[in-house]
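Chemist: Spelled out from the first residue to the last, the chains are:
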Amino acid sequence: MKFAHLSDCHLGGWREPKLRDANTKAFVMATDKILKENVDFVLIAGDLFNTAVPGIDSVRLAVEQLKRLKDNNIPVYFIAGSHDFSPSGKTMLDVLEHAGLAKNVAKGGEENKKLRLNFTVDKKTGVKIAGMIGKKGGLEKEYYDVLDRESLEKESGKKIFMFHSAVSELKPKELELMDAMPASLLPKGFDYYAAGHVHVVERGNVSGKKIVYPGPCFPNNFAELEKLKTGSFVLFDNSEAKHVALEPFKVHSFSLNAQDKSPSEVEKSLQELLKNVDVKNAIVTIRVFGCLSKGKPADVAWNDVFHSLYQRGAYHVMRNTFALVSNELEQVILPHASEGDMETALLYEHAGQFKLKNKDISVAKNLMQVFSAEKLDGEKVADFESRVCSDAEKLFK
Amino acid sequence: MGKGLIIGGEFGNILVREKSDVSLELGELLIAESKGNKMLLQVFDLLYGSQLSQQQLELISGMKLEEDDSLELMDSKLRTYVLSRLKNLALLSKSTSSSAKTLPNFFTKVREIVKDDVTFLTTPKNPLLLGLLRSGSKVLDVPVSIDGRLALSHHVLIAGTTGRGKSVLMTNILWDVLDKDFAGMLVLDPHDEYFNKLQNHPKKDKISYYTPRSPPPGALSLKVNLSDLTPRHFDGVVDWTDPQRQALGAYYNAFRDGWVEAIIQERQIPNVNFHEGTLAVVKRNLMYLLRLDVDEQKNVVCNGVFDSTAGKTTVSDISRSLDDGKMVIIDTSSFHGNVEILMGSLIASEVLERHKRYELSDMKTKPVVSIVLEEAPRVLGKEVLERGPNIFSTIAREGRKFNVGLVAITQLPSLIPREILANLNTKIILGIELRPERSAIIDSAAQDLSSDERMIASLDKGEALVTSNFLSFAMPLKIPMKENTPQDNVKTNFGGSFLK
Chain G
1 MKFAHLSDCH
11 LGGWREPKLR
21 DANTKAFVMA
31 TDKILKENVD
41 FVLIAGDLFN
51 TAVPGIDSVR
61 LAVEQLKRLK
71 DNNIPVYFIA
81 GSHDFSPSGK
91 TMLDVLEHAG
101 LAKNVAKGGE
111 ENKKLRLNFT
121 VDKKTGVKIA
131 GMIGKKGGLE
141 KEYYDVLDRE
151 SLEKESGKKI
161 FMFHSAVSEL
171 KPKELELMDA
181 MPASLLPKGF
191 DYYAAGHVHV
201 VERGNVSGKK
211 IVYPGPCFPN
221 NFAELEKLKT
231 GSFVLFDNSE
241 AKHVALEPFK
251 VHSFSLNAQD
261 KSPSEVEKSL
271 QELLKNVDVK
281 NAIVTIRVFG
291 CLSKGKPADV
301 AWNDVFHSLY
311 QRGAYHVMRN
321 TFALVSNELE
331 QVILPHASEG
341 DMETALLYEH
351 AGQFKLKNKD
361 ISVAKNLMQV
371 FSAEKLDGEK
381 VADFESRVCS
391 DAEKLFK
Chain P
1 MGKGLIIGGE
11 FGNILVREKS
21 DVSLELGELL
31 IAESKGNKML
41 LQVFDLLYGS
51 QLSQQQLELI
61 SGMKLEEDDS
71 LELMDSKLRT
81 YVLSRLKNLA
91 LLSKSTSSSA
101 KTLPNFFTKV
111 REIVKDDVTF
121 LTTPKNPLLL
131 GLLRSGSKVL
141 DVPVSIDGRL
151 ALSHHVLIAG
161 TTGRGKSVLM
171 TNILWDVLDK
181 DFAGMLVLDP
191 HDEYFNKLQN
201 HPKKDKISYY
211 TPRSPPPGAL
221 SLKVNLSDLT
231 PRHFDGVVDW
241 TDPQRQALGA
251 YYNAFRDGWV
261 EAIIQERQIP
271 NVNFHEGTLA
281 VVKRNLMYLL
291 RLDVDEQKNV
301 VCNGVFDSTA
311 GKTTVSDISR
321 SLDDGKMVII
331 DTSSFHGNVE
341 ILMGSLIASE
351 VLERHKRYEL
361 SDMKTKPVVS
371 IVLEEAPRVL
381 GKEVLERGPN
391 IFSTIAREGR
401 KFNVGLVAIT
411 QLPSLIPREI
421 LANLNTKIIL
431 GIELRPERSA
441 IIDSAAQDLS
451 SDERMIASLD
461 KGEALVTSNF
471 LSFAMPLKIP
481 MKENTPQDNV
491 KTNFGGSFLK
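From first to last, the protein sequence lines are chains G and P.
With our numbering applied, the first sequence closes on residue 397, and no number is skipped along the way.
With our numbering applied, the second sequence closes on residue 500, and no number is skipped along the way.
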């Protein structure tokens, strides 16, 4: 048994045309590699498209590639994921299935108040595939709560379970707040658990269940470009699963701490950071964080940095400055930085409640200072009291 | 109903002559109304009394035994009787109770307690039901609750000999907490019993159950990522030597998240050398404790709950669930003692650290977190703590400041150091036969139990005495056995046309 396992292709996901093209290239690259490997079948564990009704370009791309697989007698089995699922059933996936390009394996129905899933048998290998859809916000968990596991578990032969959910035991640290379900909700006894939804490249064994996340075909956002660098899918051959990288473009990621730097210093540091890197035909991500000593993030000559990278042949350059803040802005928000200034401001603010003159406010402030004096080391209590009283009296003279 | 008459004694030791046709019991609650006050008294000792001298009694008994068994004493009810010793529990009014500071009049009648006498037992702010008020062996239909937020954050001790109802009581407490929102409970369950017992709770969705065995549907496989471990978590788990401790620290500083793997794979720290033997012992200990192996390619193979791939969010998930007022039950039944302590230490440290970061205002509104420790001396015992403090002793001492408390369950409270016992502000005492164990509790109780030793020894299954800073006097209780009927929770509408 040899198969390819993809998920989270998110065709049509990127708004930026260049990155959308990169995503397209990655998907085509996956098809090329699958054809070259001559697999028995292909699994797509959800989110082939970024929406239930994708744009015409994405549909054409999917149809072209699925047709190539079909022409080579490689069946494709899929489930709907959180992005391309539609409660009405009106999805492009439905169209693909009716066109005979791929087969939805998340099939089943209610039986004795339980949800009974049906197996789809791959004709070539006899492998039995069952699948469960993914829904937004992890809402598919309610299906697992009533799933007839027994009927799935007692089925004999080679079995694959395809699902589109985060598994609690395999959640990555950075996605710890993501909705997830325990692996125990998956039926037992399957030879391979083809997972999707979480954009990680992960293979884990949880209570004897070999759960595999292939990662997205292409990183789906700035942070994923930084972390994953490439897309990937899984090639399963004779009980061995290996991740295959999909790298339509190299990704170079840079991070700069701009704490206490001026906008021009940030630009200089960036140019220095980037000068020896071969960015030709590469995607470049630049993350800048920290608090500028002066000026605003917009004062950094980003255009110059970008221009120099494009001149050196970069395919696409992106920046992330969410964590870059301006010191000037901070001062506007917190004008009374010191404790003393805050006290003065509060005294002025509340002075109207009493018949006070400006001089009284300064006396009050000085009095607060006198009364906040502390006893010195070795000073007797009586001496301390006398010193404080004397200092206070001086203020009223 | 009148049960006797006060005939003497002193404060805390009032002598009552029992009426002939009634029987007073150890632990029975009685009411004495005198001088316009209603006083709550409790029987702590019973003894015989007689108008006849010992010599005469011996003679009469001889005559009955040796000559005529039908021999009856004239006016026997007047001549022989039972005396009981009573202690003052409280002075009662309709809505409050206060410490008694006076004695009732001579010859004041004492009567049995009725429901109307205990109207002062109102429901506290965050009620945690402990049981029903008990008078001797008689159970009153009066539920006794304690302020759960206060009690759980100020630590609870449940002490009693095996079979006296510790587990039933703990199950009842967990059952009750599940209904409320004031506390998150972490249960380290070495007998893997509580999850099953709480299965029929209508709010069972609030339970996260982690087990290293094959988990039932909905439960979680217990996996903890190696990157979550720090050398500090091994305090009180492994008795490291100073060089070994230094090696752990150095590897942690050099490799951070991958420090355990680095030791197992024998990776070198640049410019730092350790004695070969030191590293070998550290490696061996870690491999044994964490059930790790190394394959031919020097990859770390994980055979237990500690994993290099899975469980990256387990500890933070647990901690977050507890802060949301949920219940986390961890099946530790298959662990060696020190692995269980390591696991508990890892989670408890995270919980405490998280709470230390909270603002005071958050602390007031967020649920308190309580950690249930079965066989508590394993982590709070004198022997264990002699090796150095661990996270549980830290929580016992300072956890209440951060709303993190312990529920320590044991049959051997004497093994817990006195200063820790004193910090467990609520003590639920079930029957204890061994005198040193009773003494350990009596010496550290919130109320004066010096005269209750015999009563504690005589507590039957399901009977308890609760002493707490948050109760006005030590309350005798009966722990109810819950009938936990299963809930019909079957979903019938699957929705969504995609599955058809």
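Keep in mind the hints are simulated off the structure, nothing from the lab.
Quick reminder that beta carbons are idealized off the backbone N, C-alpha and C, glycines included.
Please note that the accuracy of each hint is not assured.
What the hints assert, rightly or not - If we take Cβ atoms under 10 angstroms as the criterion, some of the chain P residues that face chain G in the derived model are:
1. Tyr48
2. Gly49
3. Pro124
4. Tyr209
5. Gly304
6. Arg320
Claimed, not checked - If you want the ones that stay clear, here's a sample from chain P, every Cβ over 10 angstroms from chain G, calculated:
7. Leu65
8. Phe106
9. Val118
10. Ser214
11. Ser221
12. Phe255
13. Glu296
14. Lys312
15. Ser316
16. Asp317
Chemist: All the hints need checking, so say for each whether the structure fits it.
Modeler: Evaluated hints:
no.	hint	result
1	Tyr48	63 angstroms, violated
2	Gly49	64 angstroms, violated
3	Pro124	35 angstroms, violated
4	Tyr209	9 angstroms, holds
5	Gly304	12 angstroms, violated
6	Arg320	8 angstroms, holds
7	Leu65	71 angstroms, holds
8	Phe106	56 angstroms, holds
9	Val118	44 angstroms, holds
10	Ser214	5 angstroms, violated
11	Ser221	5 angstroms, violated
12	Phe255	17 angstroms, holds
13	Glu296	16 angstroms, holds
14	Lys312	5 angstroms, violated
15	Ser316	5 angstroms, violated
16	Asp317	7 angstroms, violated
The earlier numbered hints that this structure contradicts are 1, 2, 3, 5, 10, 11, 14, 15, 16.
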